[in-house]
Amino acid sequence: MNSENTAQTEGPTAYPSAAPLEFRHVGKRYPGADGAAIEDLSFEVPAGEICVLVGPSGCGKTTAMRLVNRMIDLSSGEILLDGRSVNDRKPAELRREIGYVIQQIGLFPHQTIAQNIATVPKLLGWDKRRIAARVTELLELVGLPAEMGARYPSQLSGGQRQRVGVARALAADPPLMLMDEPFGAIDPINRERLQDEFLRLQREIRKTIVFVTHDIDEAIKMGDRIAIMREGGRLAQYATPDELLAAPADEFVAKFVGADRGLKRLTLSHLGDIELTDGVVVKVGDPAEEARRRAADHGVEEVVVLDGGEKPLGRLPVARLNGQPVSADDADPLAAIGGRSTSLRDALSLVVADRNRPLVVVEDDGRLAGLVSLELISDALRPPG
Amino acid sequence: MAFALPLAQSDPVIPEFGRGSSCVRDPDALFCWGWVKDNWSDTLQPALLQHIALTLIAIGIGSAIAFSLALTAHRRGWLTTPVVVVTGFLYTIPSLALFQLLVPFTGLTRTTAEIALVSYTLLILFRNMLAGLAAVPAEVRDAAIGMGMTARQLLWKVELPLALPAIFAGLRIAVVTVISLATIAVFVVNEGLGAPIYNGLQQTFSTELIAAGGLCVLLALFSDALLVLLQRAISPWARVARR
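Same order as they appear, the protein sequences are chains U and Z.
Adding 1 to a residue's 1-based position in the first sequence gives its number in our numbering.
Adding 15 to a residue's 1-based position in the second sequence gives its number in our numbering.
Wrong hints could be hidden among the right ones.
[What the hints assert, rightly or not] Quick look at which bits of chain Z chain U covers, simulated, 3 or more residues with Cβ under 8 angstroms:
(1) 148-155
(2) 161-172
(3) 233-247
What the hints contain is simulated information worked out from the structure, not anything from laboratory work.
This one's a predicted model, so the numbers in the text were calculated from it and none came from an experiment.
Note that CB positions come from ideal geometry on N, CA and C, so glycine has one too.
Given the sequences, and given the hints that come with them, work out the whole structure.
Shown next, in the form of structure tokens:
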């Protein structure tokens with residue numbers, strides 16, 4: 002082979018950016034143990050998707066994840082990464098192609114942040130210049146200042162260390178990432194921020210990701226697909242979050258996703274996904290007669306008042322119209338305004354808090370987009386298909 | 016008479032006391048710099064260098080043995096207890112008795128002295144090395160293996176660097192112990208600062224004892240400080256402020 006083929010290419014393109022993963026009748030049995038740790042586990046993760054393994058403690062979700070990079074060896078069946086059985090690979094080599102993030106992060110305390118991030122590229126024998134460039138790129142990608150590269154892990158906050166953990170796992174641009182409760186040790190506020198940040202990052206990098214958590218809400222938020230596991234390492238259901246919440250396969254899944262699964266489904270959709278109603282609108286300066294007639298035509302007692310730029314100003318009860326042209330001063334100010342990216346769950350909350358009056362929704366530029374009523378939101382909960 | 020007595024001369028010469036130095040005029044002085052100056056190059060300096068050599072050899076061999084034992088025990092946990100029992104037993108033998116025990120086998124040689132000194136370093140060095148390796152956090156080890164380090168890479172790139180502070184703590188104790196113990200080596204081999212100390216003990220002139228003993232203490236303090244500086248230089252991460 003000539004040197005051009007064996008040399009690593011410049012930039013993070015040494016491997017395909019994402020690879021499909023498949024579990025085929027995978028089993029894991031420990032000698033001397035009563036039952037199996039993993040029993041006949043089969044599912045496929047398409048390239049570039051996040052698959053969340055979720056379940057109660059002891060269900061084998063972490064074990065299943067660790068079978069992929071051979072931190073644990075399977076007893077039966079096979080796991081295919083990019084169509085190739087992981088058992089055909091040398092463990093150390095295989096692991097260098099798979100990003101690995103664990104809850105306690107496991108940064109090396111004796112190495113700087115830059116050295117930590119450079120771990121796998123160094124193992125792969127990249128040259129110094131390429132490593133330095135990649136470290137800079139990754140610090141930026143996870144939103145850390147470049148000068149942080151010279152610090153030691155003990156000098157960072159928990160959230161910063163978590164970002165470094167992700168950067169380190171991404172260093173050699175692996176086609177697959179394994180993440181074991183990566184945000185589990187972070188306080189709730191920062192966890193939510195890290196989740197959002199990671200989802201934004203994932204839209205950019207499009208890795209295949211196996212993500213382990215015990216938190217169903219995190220699973221619904223992070224997963225393109227969710228594998229719910231139960232005791233004995235058996236798969237209870239493998240579906241998209243929406244399918245899972247709309248149609249739990251059995252009692253166990255229904256219980257695990259919770260009685261509020263309808264509400265949870267609402268977090269999956271946004272006001273931008275549904276058809277809004279136009280509602281009855283009037284403009285400042287419209288004659289009172291016209292406003293009263295339009296309200297009567299639609300059988301409503303209130304109209305939404307817009308300014309000249311179609312921005313909503315408030316709600317005006319028809320009873321308050323007194324012959325003068327419509328004025329913003331007469332209108333009640335809006336308690337809340339929704340946007341296209343507001344989740345249906347938040348919209349529902351706002352509607353209920355405002356005595357079930359439809360929520361006013363605006364476009365990004367502040368112009369009225371429409372109204373959303375309680376009926377529209379519950380319509381969205383009807384099972385798919 | 017051809018044989019002229021020294022006493023017949025004007026200045027008294029008392030070889031055991033002052034070896035003809037300026038201290039002769041004040042034999043009652045506790046400490047005499049003049050003696051130190053006069054005897055530095057032919058007595059004290061060679062003794063100091065021999066002492067350093069005795070220590071370095073003992074620490075070198077002791078570290079090599081303890082290091083191999085600790086690495087093996089780190090992999091095979093069952094080895095820890097027998098090693099601790101044996102090295103602990105060696106550690107409890109009174110040093111003078113150990114020297115005498117060895118003489119029938121290795122004679123009045125430097126080897127005898129070194130065997131005894133090495134045996135005293137083993138327990139301290141082994142325990143600290145093993146404790147340092149065992150203290151590496153499980154998640155650090157898991158991350159290292161999960162990223163594709165081989166067992167050897169894990170040891171050299173992660174476990175040993177992280178064990179350095181503990182290893183150095185053991186090294187400091189061992190070095191100070193050997194420096195002080197090496198003075199007793201004079202009972203089997205006429206080397207090191209033990210020789211002038213022993214010599215000083217057998218006379219009323221105290222300068223030699225104080226000078227040699229003082230050098231021994233200074234050597235211990237200096238070695239300890241050197242090891243502290245060395246450890247700080249090679250493990251800067253251990254000193255950064257924790258948040």
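Each hint tested on the structure:
no.: 1; hint: 148-155; verdict: holds (count 3)
no.: 2; hint: 161-172; verdict: holds (count 6)
no.: 3; hint: 233-247; verdict: violated (count 0)
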